[in-house]
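Undergrad: Throw the hints in and build the complete structure from the sequences for me.
Protein sequence lines, in the order shown, are assigned to chains A and B. Residue numbering for the first sequence follows my numbering, starting at 1 and increasing by one per position. Residue numbering for the second sequence follows my numbering, starting at 1 and increasing by one per position.
Heads up, the list lumps identical chains together, so a pair's fine if it works in one copy or across two of them.
In silico lysine to any residue, SDA-like type, Cα no more than 25 Å apart, as pairs: (1) K66 - N216; (2) K101 - A150; (3) K101 - R234; (4) K101 - C153; (5) K66 - R211; (6) K101 - M179; (7) K54 - S43; (8) K101 - K143; (9) K66 - P95; (10) K101 - R232; (11) K101 - P178; (12) K101 - T210; (13) K54 - R234; (14) K66 - E207; (15) K101 - L214; (16) K101 - R172; (17) K101 - V177; (18) K66 - G97; (19) K101 - R149; (20) K143 - R169; (21) K66 - G33.
I should point out that these hints are in silico values taken from the structure, not numbers from a laboratory. None of these values were measured; they are calculated from a predicted model.
2 protein chains.
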Amino acid sequence: MPDHILVSEIFGPTIQGEGALAGRLSHFIRTFGCSYRCTWCDSLFAVDPSESPKAQRLAPEAIVAKIQALDRPAPWITITGGDPVDWDLTAVVMPLGIDHKIAVETQGALWQDWLEYCHLITVSPKPPSSGMADRLDPPVLQKYYARLRARMCLKIVCFTAADLDFAQRIHRFLPDVPMYLSAGTDIEHKAATAAALAHHYRWLAEEVITRPFLANTTILPQLHVLMWGQERGR
Amino acid sequence: MPDHILVSEIFGPTIQGEGALAGRLSHFIRTFGCSYRCTWCDSLFAVDPSESPKAQRLAPEAIVAKIQALDRPAPWITITGGDPVDWDLTAVVMPLGIDHKIAVETQGALWQDWLEYCHLITVSPKPPSSGMADRLDPPVLQKYYARLRARMCLKIVCFTAADLDFAQRIHRFLPDVPMYLSAGTDIEHKAATAAALAHHYRWLAEEVITRPFLANTTILPQLHVLMWGQERGR
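TA: Here's what the structure looks like:
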C-alpha cells in the first residue's frame with residue numbers, strides 16, 4: 001500500500017460538467033500528476049511538476065475522511081486528475097464505494113486493477129489538438145474494453161475537424177462503447193464566456209450532424225465552465 | 001385510425017437539448033395542440049388555436065414519409081408538441097420504431113396505448129411557475145409509472161424555488177424514476193443570451209446542492225437554447 005497520494009483538491013458536491021454523468025451531483029478527488037502535457041490542459045495545477053509543492057500528501061484514509069466530512073450529499077464521487085491511474089487508489093475506492101458510486105476519469109494510458117472496483121470509467125483519449133495523439137496506445141485501450149466494457153465510456157474533447165476524425169477512428173475501434181464529444185474550452189481566454197462556449201458548442205454540433213458515422217454519439221458543452229467559468233474547486 | 005394529424009413541424013437531425021437524451025442526435029415531430037397553457041410555453045405556435053391554420057394536416061403515412069426523407073441519420077425520433085398524447089399516433093410510431101428509437105415528450109395529463117411501443121417517455125409535470133400545477137393528475141402519473149416504468153423519466157422545468165418544492169414532491173411520489181431538472185428559459189427575452197442561460201443554470205445548480213432530497217437528480221440547461229437561441233426548426 002502506498003503511504004501517501006499527491007492530491008490537488010477534494011471538494012463537493014458540485015455538478016459533473018461532462019460525459020455520461022453530465023448534470024449529476026458529484027464529489028471530486030483530483031490527484032496530482034499526469035504523464036501527458038496536453039496543449040489545452042485545463043488543470044495544469046494538477047499536472048505541472050512546479051505545482052507539486054502545493055499538492056497535499058495524503059494517506060488513503062485521509063482522503064476517505066475528507067470526503068466523508070463534506071457536509072452535503074452526492075451520489076457519485078469522481079476521481080480525476082491529472083491522471084488518477086498513476087496512483088494505487090485501492091484503499092480509497094474500496095471504502096468509498098460502499099456508500100457512493102465511484103467514477104474515474106483517465107486518458108487511458110495506464111492501468112490499475114482497482115479500476116474494477118469502480119462504477120463508471122471515462123476514458124478520454126487525447127485528439128490531435130492536444131499534441132498527444134501519438135501517445136494513444138491501442139493495446140491499453142483494448143485492456144480497458146476487455147475488463148470494463150459494461151461500465152466504460154469514451155469522451156473526446158474536440159477543438160478541430162481533425163479531432164473529430166480522431167473521434168471517428170476511436171469510435172470505429174470500439175463501436176459499442178458510448179462516446180461523448182465535448183466542446184473544448186479555449187484556455188487562452190481564461191474568462192471563458194458563455195457566448196464563446198455556446199459558439200464552440202454550436203460548431204461541434206453542426207460538424208457532427210454532417211458526419212453520419214458519429215450520429216450515435218452524445219454532443220455536450222462543458223457544463224461546469226458554463227456555470228462557473230474556470231474557478232477552482234467548483 | 002385518424003385520417004389526419006395536425007403537425008407544427010418535422011425536422012432533423014438536431015441535438016436534443018433536454019432530459020435523458022440531452023446531447024443526442026434526434027429527428028423531431030412536433031404535433032399541434034395542447035390542453036395546457038403554461039405561462040412560459042416556448043412552443044405557443046404549436047399550442048395556440050390561432051396558430052392552427054399554419055399547422056399541416058398530415059396522414060400518419062405522410063409523417064412517416066417526411067421523416068424517412070430527411071437526408072441525414074439520427075438514432076432517435078422525438079415526438080413532442082404541444083402534447084403529442086392528444087393524438088392517435090399508432091400508425092406513426094409502429095413503422096418508425098423499426099429503424100429508430102422513439103422518444104415522446106408529454107406533460108402526462110393524457111394517456112394513449114401507443115406509448116407502450118415507444119422507447120423513452122419523458123413526462124414533464126408543470127410546476128407552479130407555469131400556472132398549471134393544479135392540473136397535475138396523480139392517477140394518470142401512476143398509470144404512466146405502472147405501464148412504462150422501465151423507460152420513463154421525469155423532467156421538471158424550473159424557474160423558482162417553489163418549482164423545486166414541486167419537483168421534490170414529484171420525486172417523493174415516484175422516487176425510482178430518473179428525474180431531470182431543466183433550467184427554464186425566460187421567453188420574455190426572445191433573444192435569450194448564453195450569459196442569461198448560464199446565470200439561471202448556475203442558480204438552479206446551487207439551489208439543488210442545498211437540497212439533499214434532490215441530490216440524485218440531473219441538473220441541465222436547455223442545450224438547444226444555448227446553441228441556437230429560440231430559432232424554430234432547430
